[in-house]
Amino acid sequence: MQTDPTAKLQGKPGAAPTSVARRKFLNSIAAAAGTGCLLTLGAVMAGRPAAANPAQALRPPGALAEEDFLAACIRCGLCVRDCPYDTLKLAPFGDTVANGTPFFTARQVACEMCDDIPCVKACPTGALTPKLNDIHEAKMGLAVLSDHETCLNFLGLRCDVCYRVCPVIDQAITLENVHNQRSDRHAMLLPTVHSDHCTGCGKCEKACVLPEPAIKVMPISLARGKLPEHYRKGWEEKAKHGGSLIGDQVEMPVRGMEGKAYGDSRVDGPAAGLNSGWKP
Amino acid sequence: METMRPGAEAVRVKGWFGAHRWLILRRISQLTVLALFLSGPWFGVWIAKGNLVSSLTLGVLPLTDPYLFVQSLAAGFMPAATALIGAAIVVAFYALFGGRLYCAWVCPVNAVTDAAAWLRRRLGLKSGRVPDANTRYWVLAGSLLAAAATSSLVWEAVNPVTIVQRSLIFGLGGSLAVVIAIFAYDLLVASRGWCGHLCPMGAFYGLLGQKSLLRITADQRGACDDCMDCFTVCPEPQVIRPALKKAGQDSPLILDRDCTNCGRCIDVCGRNVFHFTHRFDQRSDS
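Heads up: the protein sequence lines correspond to chains A and B, in order.
The numbering of the first sequence is the numbering used here, which starts it at 191 and goes up by one.
The numbering of the second sequence is the numbering used here, which starts it at 57 and goes up by one.
Bound-form chain A, shown alone (with noise of 0.2 Å):
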C-alpha cells in the first residue's frame, strides 16, 4: 500500500491512502479541464476567421445568413453532391471559408438556378432553407458593376454581354439610357442591377469579357448600402399619399425662363423629359 509523505508529516498516517487517491483524482481532473479547455479555445480562435467569408466565395442559394448558416450546416456535402453542374464545392481545411461548408465562386462556375433547386432538396439540415421553393427568390449574392472606369459600355461601347446572359434579365439587369458626354451625339447603355430581382448566381461576372471582371457578384452585405432609418423617399411618400405632403410650392417667377414648367432649368428644347424613348 501506498502511503503518501506529507500526510504523515502532517501527522495523520491514516489518512494516507484516501488524500494519495484524491489528490492524484484532483490532479487528473485539473490537467484533464486544462488541456480540453486549450483545445477548445484553440477551436475558438482557429475558427475565428472563417466567420467572415471571402467577398468571392458565394453560397449556395437559401443558405442562411451567414452566422445562422455557420451553426446549421454540419457539413456533409450533399449539396455538392446533388449540384448537376458542379458549381458547389466544399471549402477544403485550410481555406479561408469555413473548412467542409460550400461554396462557389462565381467567376469560375456560376450557378445555373436550376427550377427545382437539387441542392436545398439535399440539404439535410435546413441551412439551405427549404423555404426558398422559387430559384427567383434566391439571394446569393448581389451583383454590383464596381468598376465604371473599365466596363465597355461605360466607356460608350456596346458590350452588354453581362445583361444579355442574365437569367432575369431586363428585371435584375437593365441598360439606362444616358448621354454619352464624351461624344455629345451617342447613347451609353449603363448596365444597372436592381436588387429585388437580383439572385446573386453570378452568371454576370462569368461571363464579363475583361480580363477581371468590372461587374462581380458579393455577399449582400458587402454590397448594400444602408440608408438611415428616419429617412422617407418623397415620391414613395405622395405616391403613397394621394399627393405632395407639404403640399404645392409657391411657384417664384425666374426671369427668362417664363412659359417653362416649374423646375425645367434647360434653356431650350421643350420640356418633354429627359427621356427619349428608346428602348435597346
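Check the hints yourself; a few may be wrong.
In the DSS-like style, the derived pairs of lysine-lysine whose C-alpha atoms are separated by at most 27 Å in a straight line are [as the list claims (entries may be wrong)]:
no.	chain 1	residue 1	chain 2	residue 2
1	B	Lys302	A	Lys214
2	A	Lys214	B	Lys182
3	A	Lys311	A	Lys396
4	A	Lys214	B	Lys301
Just the calculated beta-carbon pair ranges, DEER-fashion [as the list claims (entries may be wrong)]:
no.	chain 1	residue 1	chain 2	residue 2	range
5	B	Ile236	A	Lys423	57 to 65 Å
6	B	Ile236	A	Arg212	36 to 44 Å
7	B	Leu263	A	Pro274	34 to 42 Å
8	B	Arg178	A	Lys214	29 to 37 Å
9	A	Ser373	B	Gly132	56 to 64 Å
10	B	Ala148	A	Arg212	34 to 42 Å
11	A	Gln371	B	Gly132	49 to 57 Å
12	B	Leu140	A	Tyr421	42 to 50 Å
13	B	Gly229	A	Leu380	38 to 46 Å
14	B	Leu232	A	Thr382	46 to 54 Å
15	B	Gln305	A	Tyr275	57 to 65 Å
16	A	His326	B	Leu81	48 to 56 Å
17	B	Ala137	A	Gly415	32 to 40 Å
No lab work stands behind these hints, which were simulated from the structure alone.
Using N, Cα and C, we set each Cβ at its ideal position, and we do this for glycine too.
Please arrange chain B on chain A, whose structure you already have, making use of the hints.
For chain B alone, coordinates are given in the frame of chain A:
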C-alpha cells in the same frame, strides 16, 4: 525482441490469420464504408452520398452523426427532419451495438492511430506526455460550450476526424497535414493520444454506447498467463483489468464505455481468454 511482438504465441497457436481475424475484418469494414462513399465520385456508382457526418444511402437511408447534430443544437439551430431521423437511426444503432464500434470499425482515423501505435511498439518508444484519458470529455463539453458561445460549429474548424473523412471522400487537399499531425502526435508525443485521450467524437460515442449489448468478455480468464499482450495492443488498456483481474467487479465482461470493441485482445491472446458476447452473458471459467 520477442517481447516487442505481442501475439507471437497467438500466431503460433492459431496461425497468422487466426491471430489477425478481427483486425482484418475491421480493416475490411473501414475500407468498405469508405468504398461505399467513394464509388460515386470515382466510378459514378452512387451508393452512399455525403460523408460520415451526414449521408443518404441509396436515396432512402439518411444517417447523421449525432455529435455534429448536438453541436448544431448547442449553436442554437434545430436541424430539419431528415437530419433528426438520420441522427435517431445512428443513436439507436450505436446505443444497441456499442458506441465506440464507430471508432474501431468505421472511423478512418483509426487506421492512422493504429499505425502510429504499431510503429511505437516496433521502435520501442516509451517516452511521451499522455494527457489524462478524461480530457476527451472536457473537450466534448468544451466543444458544445464553444458552439453555444459563438453560435457556430467551432470544433469543426479543427476536428481532424471530420477533416480527414471529408478530404478522403471529397478529394479535398489539406488532409495530409492533419493525418501527419495525428500520426506524429500519437507516435512521438502521446501513446494512443488522439483516439484514446482527446477525440470528443469517440467520447460522445462512448457515452452513447454505455449500456450497449455487444461486449467483449474475458470468460476464459482462468487460462490467462499474464503475458500482457492484450494490454499492449489494446487502444484503451485500462478497460481490461476489471474484467480480466476481477478488479472492482466480478463479471468477466468488459463494461467500460471506452472499449472500442475492436477485438484485438481476442486476436492477440494465445490462450483464447476473450470472446465477443452480449452484456447479459455472465459465463466465466473462474
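**OP:** Starting from the hint list further up, note which numbers the structure goes against and sort them upward.
**Re:** none
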